[in-house]
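Novice: Sequence:
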Amino acid sequence: MDNEQLMMEVQSGKKTMLDYVLAQEDLKDRFLSSMHDEGIEEPTEADAMRWLDRYEEMLYEDKAES
Numbered sequence: 069m070d071n072e073q074l075m076m077e078v079q080s081g082k083k084t085m086l087d088y089v090l091a092q093e094d095l096k097d098r099f100l101s102s103m104h105d106e107g108i109e110e111p112t113e114a115d116a117m118r119w120l121d122r123y124e125e126m127l128y129e130d131k132a133e134s
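If you read the sequence shown in our numbering, its first letter stands for residue 69, the second for the next number, and so on.
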């Protein structure tokens, strides 16, 4: 499933943001590592949404610095 289709399923309620993060190979490992570092063994959708917000902020900061 491509990224656009997956996002459409999230927006329609068929999938959660947790599903979205775990389906993205480039995000999955970073997310799970971060959850492990925070002591979270079973991440929730709220964890995924919080992590995505932080990840997006980091990307914008990196882009602004370059």
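Source of the hints: derived by calculation from the structure; they are not laboratory data. From the three backbone atoms N, C-alpha and C, an ideal C-beta is built for every residue, glycine too. One thing to keep in mind: the hints can contain errors.
Listed next, with one range per pair, are the computed distances between beta-carbon atoms [stated by the list, open to error]:
(1) 134 x 71: 32 to 38 Å
(2) 107 x 80: 30 to 36 Å
(3) 128 x 71: 16 to 22 Å
Novice: Of the numbered hints stated previously, which ones are contradicted by the structure, given in increasing order?
Specialist: Structure breaks hint 1 only.
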